[in-house]
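Chains A and B, in that order, are what the protein sequence lines are. Quick note: the first sequence uses our numbering, first residue -3, plus one each step. Quick note: the second sequence uses our numbering, first residue 131, plus one each step.
Rather than coming from a laboratory, the hints here were simulated on the basis of the structure. Hints are not guaranteed to be accurate.
[What the hints assert, rightly or not] Here are a few chain A residues that sit away from chain B, every Cβ distance over 12 Å (derived from the structure):
{"#": "1", "residue": "Val68"}
{"#": "2", "residue": "Glu110"}
{"#": "3", "residue": "Ser172"}
{"#": "4", "residue": "Lys174"}
{"#": "5", "residue": "Ala182"}
{"#": "6", "residue": "Asp190"}
{"#": "7", "residue": "Leu261"}
{"#": "8", "residue": "Glu275"}
{"#": "9", "residue": "Thr292"}
{"#": "10", "residue": "Pro309"}
{"#": "11", "residue": "Glu360"}
[What the hints assert, rightly or not] Label-pair restraints from in silico Cβ distances:
{"#": "12", "chain 1": "A", "residue 1": "Thr158", "chain 2": "B", "residue 2": "Leu388", "range": "48 to 56 Å"}
{"#": "13", "chain 1": "B", "residue 1": "Gly184", "chain 2": "A", "residue 2": "Arg308", "range": "49 to 57 Å"}
{"#": "14", "chain 1": "B", "residue 1": "Gly180", "chain 2": "A", "residue 2": "Ala359", "range": "48 to 56 Å"}
{"#": "15", "chain 1": "A", "residue 1": "Arg199", "chain 2": "B", "residue 2": "Leu388", "range": "53 to 61 Å"}
{"#": "16", "chain 1": "A", "residue 1": "Met113", "chain 2": "B", "residue 2": "Val316", "range": "30 to 38 Å"}
{"#": "17", "chain 1": "A", "residue 1": "Ala98", "chain 2": "B", "residue 2": "Ala415", "range": "27 to 35 Å"}
{"#": "18", "chain 1": "B", "residue 1": "Leu388", "chain 2": "A", "residue 2": "Pro347", "range": "39 to 47 Å"}
{"#": "19", "chain 1": "B", "residue 1": "Pro428", "chain 2": "A", "residue 2": "Pro257", "range": "30 to 38 Å"}
{"#": "20", "chain 1": "B", "residue 1": "Gly180", "chain 2": "A", "residue 2": "Asp367", "range": "52 to 60 Å"}
{"#": "21", "chain 1": "B", "residue 1": "Asp306", "chain 2": "A", "residue 2": "Asp367", "range": "56 to 64 Å"}
{"#": "22", "chain 1": "B", "residue 1": "Ser200", "chain 2": "A", "residue 2": "Asp244", "range": "50 to 58 Å"}
{"#": "23", "chain 1": "B", "residue 1": "Gly180", "chain 2": "A", "residue 2": "Pro347", "range": "18 to 26 Å"}
{"#": "24", "chain 1": "B", "residue 1": "Asp323", "chain 2": "A", "residue 2": "Glu90", "range": "31 to 39 Å"}
{"#": "25", "chain 1": "A", "residue 1": "Gly276", "chain 2": "B", "residue 2": "Gly248", "range": "35 to 43 Å"}
None of these values were measured; they are calculated from a predicted model. Ideal Cβ placement from N, Cα and C applies to all residues, glycine included.
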Amino acid sequence: MAGTITPVTMPKFGLAMTEGKLADWLVSPGDAVTAGQELAEIETTKITNVYESPAAGTLRRQVAPAGETLPVGALLGVLAGSDVSDAEIDAFIEKFQSEFVAGDEDGADEASSEPEMLDVGTRRLRVQDTGARDAGVPLLLIHGFGGDLTNWMLNQGDLSGTTRVITFDLPGHGESTKDVGDGTPAMLAAVARDLLDALGIDRAHIGGHSMGGAVALELARLAPERVASLSLIAPAGLGKTINQEFIDGFITADRRKTLEPVLQLLVHDKGLVSRQMVEGIIRFKRLDGAVAGLTTLAKASFENGQQKENLRPLLEAYKGPVQVLWGAEDEILPVSGSEGLPSEVPVSIFPGTGHMPQLEKAAEINAKLKDFAAKS
Amino acid sequence: MSKKSFRQAINEALRQEMRRDPRVILMGEDVAGGQGGSADNPDAWGGVLGVTKGLYTEFGAERVFDTPISEASYIGAAAGAAATGLRPVAELMFVDFIGSCLDQVMNQAAKFRYMFGGKARTPLVIRAMYGAGFSAAAQHSQALYPLFTHIPGLKVVIPSSPYEAKGLLIEAIRDDDPVIFLENKVMYDDEEDVPDDSYTIPFGEANLTREGDDVTIVAFGRMVNFANQAADRLEKEGITCTVIDPRTTSPLDTGTILDCVAETGRLVIVDESSPRCNMATDVAALVAEEAFDALKAPIRRVTPPHTPVPFASVLENLYMPDPARIEAAVKSVMGYKAKQEA
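Taking the hints into account, I'd like the entire structure generated from these sequences.
Structural data, given as structure tokens:
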């Protein structure tokens, strides 16, 4: 359509994001761009990410200079066809700026929902429960070893538009109780079931990442009637090996300099590991009992670079739908773990992606989770 | 996790350690009742600035007790209690009062481990307020951490934020050596996210609050925040800074300071204490000796002048380092040109 002007605004990466820094422009004024092309790098307190163009056109104006920190929704630049006059662009910018109110973006209610502490059995868990209550079967996402619910920061907000999404810190992680029992995925699965009980959820789609994938499989064994489907993202339990350097390094590294290279093993694009991400994990590891809990969890699942449990029989025994999602360049659990699965299990491999596809390929993972839930 | 003030973070650290370990006791002038207290309501205040509020109510008179106004007696008692098995946290109120009990700290507590052949432990924490900016005048405003840093056998902690304060105080209480824990009195209402659970921050490990390419700024206590404000402004002009918060002056994380100076080649040190023989001179000497070849410009120190802290607020403001002075120091080292050799 002739004369269309598209604003490029500060994106919202994750529920907690209120402002971001425009780290760098990746295109210059006058450049033609396609929809989905990388326009800019955005830094938040959690992560650095690229911002993909919402539309095709020409980048007519960079309103915000690189280096500027702006609230979510603020105008960064303007896309338009070459048929739009400079005067029209100026008028558009003036109107946008006069009407813009920080913190007034769509979904502000949902965005402001903070994680809550919930008593589940003998444990206290940090839980983030978002999205519509009456929108069918909810989705429970289970993070991996050393993670926490913010591992889903690029997924939860997007998916909450169509369904109820629950993320939580596993015992021993984040702000949850540091008591991890025997540390086995089976024990963590019992906690996940208790969480569903506490939230009054009969049945949920389950997404599990890494060790959380093993927990999801154990939940399917423990309470198959509660599991509507399984989406396993780079899950433990399907392959034989594990990068022990990561596990040991994660447990022992206690300063930024030693932890940063360990965390870089998680992602293919090493630049994704921001200093705030490293600092966040150091802060978690300083909590009383955190390192002891991680040690117990690691010993229960991994030893000398090998995974202790083969959970393929659980996958084969589960009668509901299962999908497997994996990054081709995974340096923690090799993508070969996705080979030789039953033919009815769809497997999606993401090229140029490491162990955290839900961060590195958030849009694709979100689409897979949505489609699978709709079909299941 | 919730927002907590510097005051609340310290109170929570004390409370959690007292719950965890019955050997932890508090003593000091007014720590139980203080201003406004009475026999019926001994917990009305909890220290002159309310930092220990509620602890007397929870732990009782056996573990939280007000002392006479005699620093020599109760700091000495605390050192003895530590040597014989308790883990006392003694509050000196204003660090300026150290003069009345320096022997108990310098010649007794600091020396026990060394003089008893490593067989004595002295798990003593002395908390005290420091710093100017409160119009508390010359006898209640000093930043005396260099005095303690000078004495082998003491550990010296200067937290720069509520998060830092809680983790460092818990570490101090669990440490088996005497620790001087200094709280900047104008920071008690500063707020940030602080975990509800207990955590520790190790001593001798500097925190980089930001990383840049051009200038390394080493700052202590409240000055860390000032350095960050200066660095924010400088970044808009294209000058990026690394800001180092050493957290503890003893032990001092010399490795991190030297590594950062090797990367940036320029050093500004911001120290609120009197300029002679302070942390700025100590760090400047370290870098001049160990990283001379890395330096692209002379080291600059941002400190108060060598005078008592003025009472008049306009003079006190002039006395204190501030973000504008830090910014100017950074620009001066950026603009330095070596003289051509003749």
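Evaluation of the provided hints:
The beta carbon of Val68(A) sits about 19 Å from the closest Cβ of chain B, which is more than 12 Å, so the claim that it is off the interface holds. Not every C-beta of chain B lies more than 12 Å from that of Glu110(A), the closest at about 9 Å, which undercuts listing it as non-interface. At roughly 10 Å from the closest C-beta of chain B, the C-beta of Ser172(A) falls inside 12 Å, breaking its exclusion from the interface. The beta carbon of Lys174(A) sits about 8 Å from the closest Cβ of chain B, which is not more than 12 Å, so the claim that it is off the interface is violated.
Residue placement check: Ala182(A) keeps its beta carbon more than 12 Å from all beta carbons of chain B (closest about 26 Å). The non-interface label for Asp190(A) is consistent with chain B: the shortest C-beta to C-beta separation is roughly 21 Å, beyond 12 Å. Non-interface call for Leu261(A) relative to chain B: holds, since the shortest CB-CB distance, roughly 21 Å, exceeds 12 Å. Once the 12 Å rule is applied to beta carbons, Glu275(A) is inconsistent with being away from chain B; the minimum gap is 9 Å.
Every C-beta of chain B lies more than 12 Å from that of Thr292(A), the closest at about 18 Å, which supports listing it as non-interface. Annotated as non-interface, Pro309(A) keeps its C-beta farther than 12 Å from every C-beta of chain B; the closest such distance is 38 Å. The beta carbon of Glu360(A) sits about 31 Å from the closest Cβ of chain B, which is more than 12 Å, so the claim that it is off the interface holds. Range check, Thr158(A) to Leu388(B): Cβ separation about 54 Å, and the 48 to 56 Å hint holds.
Taken as a hint, the range 49 to 57 Å holds for the pair Gly184(B) and Arg308(A), whose Cβ atoms sit roughly 55 Å apart. Separated by about 50 Å at the C-beta atoms, Gly180(B) and Ala359(A) satisfy the suggested range of 48 to 56 Å. Taking 53 to 61 Å as the suggested C-beta distance range, the pair Arg199(A) and Leu388(B) conforms, at roughly 59 Å. Our hint of 30 to 38 Å for Met113(A) and Val316(B) holds, since their Cβ atoms are close to 33 Å apart.
The hint said 27 to 35 Å for the Cβ distance between Ala98(A) and Ala415(B), and at roughly 47 Å that hint is violated. One distance hint, 39 to 47 Å for the beta-carbon pair Leu388(B) and Pro347(A), holds here, with the actual separation near 42 Å. The hinted range of 30 to 38 Å is satisfied by Pro428(B) and Pro257(A), whose Cβ atoms lie roughly 35 Å apart. Judged by the Cβ atoms, the range 52 to 60 Å given for Gly180(B) and Asp367(A) holds: they are separated by roughly 57 Å.
Distance hint check: the CB atoms of Asp306(B) and Asp367(A) are about 59 Å apart, consistent with the given range 56 to 64 Å. Remark: the range hint 50 to 58 Å for Ser200(B) to Asp244(A) is upheld by a beta-carbon distance near 53 Å. A hinted range of 18 to 26 Å for the beta carbons of Gly180(B) and Pro347(A) is inconsistent with their spacing of about 59 Å. In this structure the hint that Asp323(B) and Glu90(A) lie 31 to 39 Å apart at CB holds, the actual value being about 38 Å.
With their beta carbons about 39 Å apart, Gly276(A) and Gly248(B) fall inside the hinted range of 35 to 43 Å.
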